[in-house]
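Colleague: Here is what each chain is made of, one letter per residue.
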Amino acid sequence: MSTVTAPTGRTPDPAAGGRRRNLLPGAGPARAAAGFALGAALLFAVAPLALSDFRLSLLAKYLCLAMVAIGIGIAWGRGGMLTLGQGVFFGLGGYAMAMHLKLADAGPGELPDFMQLYGQLDELPWWWRPFASPWFALPATVLLPMAVAFGLGSLVFRRKVRGAYFAILSQALAMAMVILLVGQQGTTGGTNGLTDIQGFFGYALTDPVNQRMVYFVIAGTLLALLLLARQLIQSRYGELLVAVRDGEERVRFLGYDPASVKLVAYVVAAGMAGLAGALFVPAVGIISPAMIGIVPSIEFVIGVAVGGRATLLGPVLGAVAVAWAKTALSERFPGGWTYLQGLMFVLVVAFLPGGLAALVGLGRQRGDDPDRRRWWRRRRRQVPAGVGTTVPVEGAGTPEATDGAGLAGARTGVTA
Amino acid sequence: MTSFRGRILAGALTLVATAALAACGSKTTDAASGTGVSADVSGDTVKVGLLNSLSGTMAISEVTVRDSIMLAVEEINAAGGVLGKKIQPVSEDGASDWPTFAEKAEKLISQDRVAAVFGCWTSASRKAVKPVFERNKALLFYPVQYEGLEQSPYIFYTGATTNQQIVPGLDYLKAQGKKSVYLVGSDYVFPRTANKIIKAYAEANGMTVLGEDYAPLGSTEFGTIVNKVRSSKADAVFNTLNGDSNVAFFKEYTSAGLTAESMPVVSVSIAEEEVKGIGTQYLTGQLTAWNYYQTTPGAANEKFVAAYKAKYGAEKPTSDPMEAAYVAVHLWKAMVEKAGSFDVEQVRAAAGGITFEAPEGTVTVDGPTQHIAKTARIGRIGADGLITEVWNSGQPITPDPYLKSYPWASGLS
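Going line by line, the protein sequences match chains A and B. Numbered continuously in the numbering used here, the first sequence closes out at residue 416. Numbered continuously in the numbering used here, the second sequence closes out at residue 829.
Just so you know, these hints were derived from the structure itself, not from any lab. Bear in mind that the values here come from a model prediction, so they are computed numbers and not experimental data. Idealized CB from N, CA, C, for every residue including glycine. Any given hint might turn out to be false.
What the hints assert, rightly or not - Across the chosen pairs, the derived CB separations fall in these ranges:
(1) A:Asp113 to B:Trp824: 22 to 30 Å
(2) B:Glu773 to A:Leu121: 42 to 50 Å
(3) A:Leu343 to B:Gln567: 39 to 47 Å
(4) B:Lys590 to A:Arg129: 41 to 49 Å
(5) A:Leu51 to B:Gly756: 23 to 31 Å
(6) B:Pro569 to A:Ile179: 30 to 38 Å
(7) A:Val295 to B:Trp824: 34 to 42 Å
(8) A:Ser133 to B:Glu761: 37 to 45 Å
(9) A:Asp113 to B:Thr778: 31 to 39 Å
(10) B:Asp456 to A:Gly163: 51 to 59 Å
(11) B:Pro569 to A:Ala33: 45 to 53 Å
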C-alpha cells in the first residue's frame with residue numbers, strides 16, 4: 001500500500017500555531033500534561049481508594065469501552081468514517097486473548113472445557129494452536145484486528161465506498177462475524193462465547209488483588225492510548241485526516257491519496273478496539289458474540305457521539321458516562337431503565353450536538369473553525385507540480401479520463 | 417518535540433508502575449483464593465436476587481419467570497418467611513446480554529449480599545454467570561429446561577435436563593412408529609446440543625435424521641427451511657426454535673399444507689405463553705415436550721394457577737419455566753429450613769432428598785447432580801391455546817445431565 005505523500009518540512013507560517021486545537025482546556029502542552037496528570041491521579045489513586053472491588057471492576061470494563069471510543073473518535077470524529085462495526089475488531093482482540101487464556105487454563109495438551117462438551121474433538125483445531133503461545137496471542141490481539149481492517153479498508157476506501165454505504169458494510173461485517181462464531185459452536189463456544197476464564201498469565205482472576213492489577217493495567221493502557229491519539233491528532237497526518245473528512249475530493253486534487261489517509265485511521269481504530277477487547281476479557285471474564293454484534297457496535301458509537309466525537313477526551317468521557325449511566329439506571333430502575341437511557345440520548349442529540357465535551361468546553365468542532373479555510377489556501381500553494389494540475393472541475397469529466405491520475409472527481413458514489 | 421518525548425516517558429513510566437503493581441497478586445498455583453461473600457442475614461429480612469431479562473429479546477419470556485418468583489416470595493412471606501425472616505427480593509435486569517448478567521450477578525452477591533439468586537433463561541446467560549457464582553461460592557437457582565452437560569456445585573437446576581424432556585420426546589415419537597425426523601432449530605447452544613443428542617439417539621434406535629437446519633435467533637424467514645422439510649417427507653419434525661421464529665415457522669408450515677396429522681412437530685420451547693403469541697390456528701394438534709402444563713391435574717397446580725391469575729390477571733397462562741421458578745423458591749426455603757441456616761455450604765449439604773409437592777407433581781432434589789427429579793409430559797396443543805397431556809413418564813425421572821446411563825450417548829460428553 002502506498003503511504004501518505006505528505007510534503008516534507010513544516011510550513012513556517014505564523015498562523016500555524018492556530019492549528020493547535022483546543023483538545024484540552026487551554027490546549028498548550030503544559031495544560032495537556034496537567035490534564036494527563038490529573039487523569040492519572042484519578043485513575044490510579046482516587047478510583048482504587050474510593051471504589052469497592054466490584055465498582056472498580058466495573059470501571060475497568062468502562063475503560064475498555066473507552067479505548068474503543070478513542071479509536072472511533074479518530075476514525076469517525078476526525079476521519080469522518082462512521083465505523084458501525086467496531087465490535088468486529090473488539091471481538092477479534094477479545095477472542096485472541098480469551099483463546100490464549102482458555103488454553104492456559106486447560107493446561108498443555110488439554111482441550112478447553114467447552115470443546116470437550118460441544119466439539120467432540122480429539123485435538124485442538126489448527127487455528128487454535130498458535131494461541132497457546134503468549135508471544136503469538138498477545139501481538140495478535142492488536143495485529144489481527146489491524147490486519148483485517150487493513151484488508152477491508154484497502155478494498156473499501158480505494159473503491160470510494162463511504163458515508164452510509166461504509167456504515168452498512170461495517171455492520172454487515174459485524175453480523176457476519178457473529179453468524180460465523182455462533183455457527184462454529186464446537187470450536188468457538190457458539191452463543192455462549194468463551195467463558196469461565198480463571199487465570200491471567202499465571203495470576204488467578206478470582207483473587208480481588210489480581211482484579212485490581214487488571215484494573216491498573218487497563219487504566220495505564222488507556223492513558224497510553226490517549227497519548228498516542230493526541231500525538232496522532234496533532235501531527236501533520238492528523239491535519240490531513242480532518243482535511244479528508246471535510247473535503248475528500250479536494251485533498252485528492254492536492255495530490256494526496258485519501259484512501260491511504262483513511263486507511264491509517266481505520267487501522268489504528270481497529271488496533272485500539274482489539275486491545276480493548278483483549279483487556280476486556282480478564283476484566284469481565286467473558287467474550288461472546290453478544291459483545292461484538294451490531295447492537296454493541298452501535299453502542300460504542302453512541303458513547304462517542306454523546307461525548308463529542310471530534311475531541312480527544314470527549315469519546316472517553318462519553319463511553320464511560322454512557323456505560324456508567326446504563327449500570328446506574330438499570331440498578332435503580334430495573335424495569336424501565338431503557339426508556340431513561342433513550343431519553344438521555346435524545347436530550348444529548350437534541351441539545352448538545354457537540355456532545356458532553358462541548359458542555360465542559362473541551363474542544364471546538366473542527367468544521368466550525370474559520371482557520372481551516374486559510375490552511376487550505378496555504379496548502380494548495382504547496383502542491384507539487386504535475387500532480388493536480390489537470391484536475392477537472394468537481395463533477396465533470398469521465399472516470400476514464402481521470403482515473404490515471406487517481407483524481408476521480410466525478411466518481412463520488414459507490415463503485416462496487 | 418521534547419514535550420512529546422516527555423510524554424512518551426510518562427507513558428512508559430505508567431506502564432512500568434502498572435507492571436510493578438501487577439507483581440502483587442497471587443498466582444494461580446497458590447491455594448484456591450476464592451473468597452465467599454456471606455449473605456447478610458443480620459436483620460429480620462433476608463435478601464434474594466431475581467436476575468431476569470426485563471429488557472431485550474428475552475424479556476417477553478423472562479418477565480413471566482420474574483412474576484412467578486415474586487408470587488412464591490409473597491406466599492412464603494405470608495406464611496411467616498424463612499427461618500423467621502421475611503424475604504426481600506432484589507430484582508436486576510440482565511437485559512438479554514450475557515456480560516450484563518455476569519455484572520448483575522456480581523452486584524447481587526457482593527453489594528446486596530443476597531442469600532440466593534433465582535433466574536437466567538438462556539444457556540449463554542447461565543454460562544456467563546456460572547464463574548461468578550462459583551468464585552463467590554453463592555447459589556443460583558436456574559429454572560429453565562436446558563441442554564444438560566453441566567453440573568456446577570453452586571447452581572441448582574430446577575428445569576428439565578435432556579433425559580427429562582428431549583429423550584422422552586423421542587421415546588414418544590418412536591412409540592408412535594415415527595421412523596424419520598427433521599430437525600429445525602435456532603442457531604445457538606441449546607438447539608445445537610439438543611440436536612447432537614437427537615442424532616445419537618436416532619442412530620441407536622433405528623431412526624433416520626433427514627435434515628438439520630438452523631435459523632439465526634429472531635429470524636422470520638422460513639420459506640426455504642419449510643420447503644426442505646416438506647420435500648424430505650419426514651415422519652415428524654423436532655423443533656428447537658426459540659421465540660419469534662416460531663411464529664414465522666408455523667405460519668409457513670401451515671401455508672405449505674403441512675399439518676399435525678401429516679407431519680407432527682414436537683416443540684420443546686413452546687409453552688402456553690408462546691402458544692398465545694403464535695396463534696392457536698397454526699398450532700392446533702401439534703406436540704410439545706415439557707414437565708408441566710397449566711392443565712396438569714392436582715391440588716397443588718390448581719392453587720398455583722389460581723394464585724397466579726389472581727395476582728397477574730385471568731388471561732395470563734402459567735408455563736413450565738414459570739412453574740420451575742416457583743418451585744425453585746420453595747425448594748430453597750425447604751433446604752434452608754432443613755439446614756437451619758442460610759449458609760451456602762450448609763444449604764447445599766441439606767439439599768439432597770428434599771421433596772416438594774409442586775404443581776407438576778412431586779419433585780425431589782437429587783443431591784449429587786443438584787438437578788431435580790421430574791415427570792416428563794408430552795402434550796397436545798388444543799384449539800383453546802391450552803396444552804393437554806397425552807403421555808407422561810408415570811414417575812419422576814432421575815436427572816442425568818451427562819446422559820451417563822444411556823449407552824448411545826457415550827460419545828457425547
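Colleague: State for each hint whether it applies.
Modeller: Each hint tested on the structure:
1. A:Asp113 to B:Trp824: 22 to 30 Å: holds (23 Å)
2. B:Glu773 to A:Leu121: 42 to 50 Å: Hint holds: Cβ distance 45 Å, inside 42 to 50 Å.
3. A:Leu343 to B:Gln567: 39 to 47 Å: Since A:Leu343 and B:Gln567 have Cβ atoms about 44 Å apart, the given range 39 to 47 Å holds.
4. B:Lys590 to A:Arg129: 41 to 49 Å: holds (42 Å)
5. A:Leu51 to B:Gly756: 23 to 31 Å: violated (37 Å)
6. B:Pro569 to A:Ile179: 30 to 38 Å: holds (35 Å)
7. A:Val295 to B:Trp824: 34 to 42 Å: Given range 34 to 42 Å: holds, Cβ gap about 40 Å.
8. A:Ser133 to B:Glu761: 37 to 45 Å: At roughly 40 Å between Cβ atoms, B:Glu761 and A:Ser133 fall inside 37 to 45 Å, so the hint holds.
9. A:Asp113 to B:Thr778: 31 to 39 Å: holds (34 Å)
10. B:Asp456 to A:Gly163: 51 to 59 Å: Given range 51 to 59 Å: holds, Cβ gap about 55 Å.
11. B:Pro569 to A:Ala33: 45 to 53 Å: holds (52 Å)
Hint compliance for this structure: hint 5 is the single one not met.
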